[in-house]
Amino acid sequence: MSAEVSRRPDEVHSSSYQVMEVARKVGVYFLLLLASLIVLFPILFSLSLALQGSTLAPSLIPDFSKLDFSSFGQAFAQEPNLGRWIINSFVVSLTVTLGQLVTSALAAYALATLEFPGKNIFFMVFLATLMIPWEATVIPNYLTIARDLGWKDSYQGLIVPFLATGFGIFLLRQYFMTIPKDLYEAAVIDGCGRTRYLWSILLPLSRPALGTLAVYAFLNTYNQYYWPLLITDSSVWRTTQVGITAFRQTEAAIFNLQMAGTLIVMLPTLLLLIIGQRQLVRGLTAGALKG
Amino acid sequence: MNLKSMKTLRQFFSLALVAMLVATLMAACGDNTATTAPATTAAAAATTAAGTATTAAATTVAAAATTAAAAATTAASATTAASATTAAGTATTAAATTAAAGAATTAAAAPAPTATPYPTVAPAAGSVKITFWHGFSGFNAAILQQMVNKFNSSQAKYYVEAITNSNYDDTIAKFRTSLAGGALPNVVQIYDIGTQAMIDTKKIIPVQDFINKENLQSLVQDLEPAVASYYTVNNTLYSMPLNSSSPVMYYDKNAFKEVGLDPEKPPTTYSEVLAAAKKLVKKDASGKITRSGMDFSLYGWILEQQMAEQGALLVEPNNGRTGTRANKLVFNSEAGQNWLNFLKSVQDAGVGRSLGRHSGTTANTTVAANFTKGEAAMTFESIATLRNYITSAANSGGKVDVGVGYLPKPDNAKGGVIIGGASLWITTQGTPDQQQGSWEFVKFTAQPENQSFFASNTGYYPTRKASYDLPDMKEALVKYPQFKVAIDQLRATPASPATAGAVFGSFSGSRQNVEAAMDQFLTGKVPTAKQALDEVVKKENDRLEEYNSTVK
Chain A
7 MSAEVSRRPD EVHSSSYQVM EVARKVGVYF LLLLASLIVL FPILFSLSLA LQGSTLAPSL
67 IPDFSKLDFS SFGQAFAQEP NLGRWIINSF VVSLTVTLGQ LVTSALAAYA LATLEFPGKN
127 IFFMVFLATL MIPWEATVIP NYLTIARDLG WKDSYQGLIV PFLATGFGIF LLRQYFMTIP
187 KDLYEAAVID GCGRTRYLWS ILLPLSRPAL GTLAVYAFLN TYNQYYWPLL ITDSSVWRTT
247 QVGITAFRQT EAAIFNLQMA GTLIVMLPTL LLLIIGQRQL VRGLTAGALK G
Chain B
232 MNLKSMKTLR QFFSLALVAM LVATLMAACG DNTATTAPAT TAAAAATTAA GTATTAAATT
292 VAAAATTAAA AATTAASATT AASATTAAGT ATTAAATTAA AGAATTAAAA PAPTATPYPT
352 VAPAAGSVKI TFWHGFSGFN AAILQQMVNK FNSSQAKYYV EAITNSNYDD TIAKFRTSLA
412 GGALPNVVQI YDIGTQAMID TKKIIPVQDF INKENLQSLV QDLEPAVASY YTVNNTLYSM
472 PLNSSSPVMY YDKNAFKEVG LDPEKPPTTY SEVLAAAKKL VKKDASGKIT RSGMDFSLYG
532 WILEQQMAEQ GALLVEPNNG RTGTRANKLV FNSEAGQNWL NFLKSVQDAG VGRSLGRHSG
592 TTANTTVAAN FTKGEAAMTF ESIATLRNYI TSAANSGGKV DVGVGYLPKP DNAKGGVIIG
652 GASLWITTQG TPDQQQGSWE FVKFTAQPEN QSFFASNTGY YPTRKASYDL PDMKEALVKY
712 PQFKVAIDQL RATPASPATA GAVFGSFSGS RQNVEAAMDQ FLTGKVPTAK QALDEVVKKE
772 NDRLEEYNST VK
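Chains as they are written, first to last, in this note's numbering: chain A, 7 to 297; chain B, 232 to 783.
Here chain B stands alone, though its shape is the one from the complex:
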């Protein structure tokens, strides 16, 4: 028994050690799905070890171990379910920059200065406190804090306390839990796909109410139209956009020159992209790709964009924007199939590579690494990652000259891109005074000079048209001329429910199912794009129906 228990303990310690390391590592990566999983694994490992340790002493405990293990399993599956709800959006949308981007100017020269902490300013005596939750971390959080400080020192009546909740998913999850307790923040930053869910909480005050009260239609008219229309549901502007972006195609100008393509005229349609990829691909003697024409992750966000590019709805009726709640997902239509078939054709031609599902994986890291090292000539990402791409390309040998083009679409398709990002919501929490203060703060963040400051530092679009006339935004456009392409692409997009983007209650959590279906098709486990999309649409419609039944 002694020997046995010694051995068991040793095993237990090594197991526990490894589990803890992995859990901490994963936590650092910020992926909650991953964080909860290893934690559970550690628990399960510990449970098993505990089980065996006791068995050494008593046989009765065998049953114990089983029960405990069963409990662990229950917990594990519950965790998975829970994370399913939250996981999808993280990389989703908008986007932003990073320490590297901020330091892009100093690029290779000095070691990049990080986002230094922006100490909060002290509240003025007698000021009304406004609690503000956001999902930024790192560099963007520091830029946001500077804006909050500016607001706090610009007046003495209100004091905004900014609280980070790590990321968008955790912010909305924490908000949902807090709904029950009533301790909501006064202002909260929520990602694009949380829009319908936020409206349904019935604990928010549409910013439209404040706008109407103060006759501020001029503010709405100066908002970037595509941005304003995303956050407008049923003719009501529900939240104030803070940070917006949209996807673009990145391409390597040097590779284009090398194979005789015009580096200033990137392909814009599926067929042109395929033709370019055929020229750009390089293989070694054994036929292995050394530079792919196009690398891509299977990203639900891009599929949604491709629906809009073809003027097709993601969900009926009217993408959920005109009074009737969205009740039927339709992205299995021809438009959705077109995109999947295009990706498959690139892969089958041996000129491009699928790096697998996007959400909850490191596929986007691989894509970024391949592109910035010159091992992939084209890819799709948010414009907000532009600065990271440029910096990383410079750090990885400077072989790549980062170019930005429109997201490709089928020949003759009429449509455009949808914006992504996050917006500020005002809640019903607190006194009328606090609600007014919340609006003052939200209004402050939307001022042209503040949007110009925010956008020029982070890489998002300014949400105000007037911001483009301000010096810091002009300077940013000189430094990053590629950014102009993204603005042009956004402004060339015809306004319609399709390009306004979909709103539906079960949006957060849907992308990972969609990406799983895309992966099934791209890896050949499902023969046709239609079948893959039909299956996931059916599954997602069940989820949507379930959601809708809880809010009616």
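Bound-form chain A, shown alone:
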């Protein structure tokens, strides 16, 4: 673009235009830099605290002459299960995400495209579950999982209560409803069955909604605190969010180990997001293009 501009005959105009262009770029990059600093602040801040040694009085910017990198090693020395917690968190979050996608998609498919008696009542009941605060269901869930099924300290206990969600059903149903019925009828005329329609037509068309639900489910599960705390006793079965509290000192606020631990458990998720973001966005929008 700018190359084309510089070939213009009007030299004076062109040079002032170039200056403008450079200024604009500088401005844009400055804003981008500022924005990324703001976004990255939590990471930079925790890195700064992690490198200041064990002190009650850290400063915002560390003293670069005496950075103390030992906290990262110490974190692993103090909690050898650190790696296992990350694995646990991923296993649980990914399974729950997959489970929610499957159950929500099937239920939403039925609610959006089939006609059967009591359909609206079912839908209302699903909606009603959204109104029940999570805190109200903790104890019944705990009784079922821990007492009746004996699933303390296991992946089942961490995963099963979250495999279905009213929100997911609702979200997908609304999306499925926007896809014209004509498509279904045309598919049927061509000899397509219900399962095939769901798998080959409806789901590919619904990638944006599925992607949204997947990310939402993953984040929610990854961030869980109280349920994993309740259902796990052994250090081996803890998830990262519960596990990293082990780096906190009982009375004093000393941050270096906490922050080192946090950075360590954050890294895999962060890398996944950085590597996967473009892919994920492209996949999601490609689905939308076809629609």
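Just so you know, the hints here were simulated from the structure itself, not pulled from any lab data. Glycine included, every Cβ here is placed at the ideal spot set by N, Cα and C. Certain hints may be false.
What the hints assert, rightly or not - Listed next, the stretches of chain B that the computed footprint assigns to chain A, with coverage defined by at least 3 CB atoms under 8 Å from CB atoms of chain A: (1) 390-403; (2) 592-599; (3) 611-619.
To be verified - So these bits of chain B aren't anywhere near chain A, every CB distance computed over 10 Å: (4) 362; (5) 380; (6) 447; (7) 522; (8) 553.
Take the given structure of chain A and dock chain B to it, following the hints.
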């Protein structure tokens, strides 16, 4: 639609990324209030993004987004309520040390060795398993595990499995939830302010029962009297104290010397503290404080201490200790007002600073940083943080010589301090054999040599008087002579219901309301201390009444 959804997705990803970072960070800080909040925020953000994404495709969904958002709000407020119950106690009481403290000896020299993991010993064949929940983490958890290991290898009949639940609040919250399912631990460590609530679960066996059965009155007599009286309600010792501490005034001896105050004779009354603060304060040309005479956070625990310092009750009748359940909070009395007015007078004189509410904030970090860097000459904290203060002062340039004095009180007030900390409770869970094993373990932790080991490594008081005659405790006192002041302060406290401390059911969760009221007064939003305290007492009495109505 494509462009729109692209944009929405991008927005969504950045939102989600930020939310996740913040949530993880907060979780690491260990503050549950904070942990749940960002998680909800992330959810809310995701919900909103989800809402918009769908709207791009269909208008019907607008309603959807609203509903989902409403659900998120409900969840959020419920979370807040839930955390309100749990949040208050964390920093509350007792206290302890830390990796830094443990390494205080090696202070600046080598990089501080952390609490190395203490691998558990294997259970002996055929041993009876005792499940023990505690709220320690980090350094203290490692010291506790060593004590558990010692018990496990000292005999083969019982095997104690120690399980950490991150902190005191989460431990009692998990215990309460587990009450319904019946899968309780055999032994559980609960903080001081959970005492009445634990008694009310009716799922615990008072340690007094075991003491009576084994005629172990000598053990009770050797307990530090102030510690024993805290855990004695209605003449019954309900739980065995494990870790205890009390608050003291920290002051900078170097600053005292600099302004001509006697560094070995810290002020002990409100008026003396105010006078000292006036001398200690330093301001720059623009009048900005560069060293304050006294920095403080608004801490409910210290207010409770100040009631005891004046021999005043926190709750009637008799702080809930003599048979009748506590039913009326009275900390809006003159004693409570005195403390608030004192803090205000220090602030108004421009010689001290309020750093705001204590619970659920980082005010104590700021206070600690200011004090150890020499930017504040006096402050109030638990004696258990002594080692951290000393280490941090050394790491921050060594300008501060940490001195410890009595918590100040009004002129002529007759009273003293209340201990804080946590104790071990034996539950009705399990077989009689397991219950006996639980008692054996609890008794083991209370042995003078084990208390001496625990206290000399962590910075708590030993709960046994006999511990002071043992070598490791003597050594700790030589290394930290300031600790002696805290012991003297505790022993100078006259025994009374006021200094035994209050027990009432809704105690956990009350401090943050009290601190909010203090903040209202200190920031001038409420004109008088009386009005601020009256309002919070009314609110807290409603909570107490509600609690009492559920247990009768």
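Consistency of the hints with the structure:
no., hint, in the structure
1, 390-403, "holds (count 6)"
2, 592-599, "holds (count 4)"
3, 611-619, "holds (count 4)"
4, 362, "8 Å, violated"
5, 380, "15 Å, holds"
6, 447, "29 Å, holds"
7, 522, "14 Å, holds"
8, 553, "31 Å, holds"
In summary, the structure is inconsistent with hint 4 from the numbered list given earlier, while agreeing with all the others.
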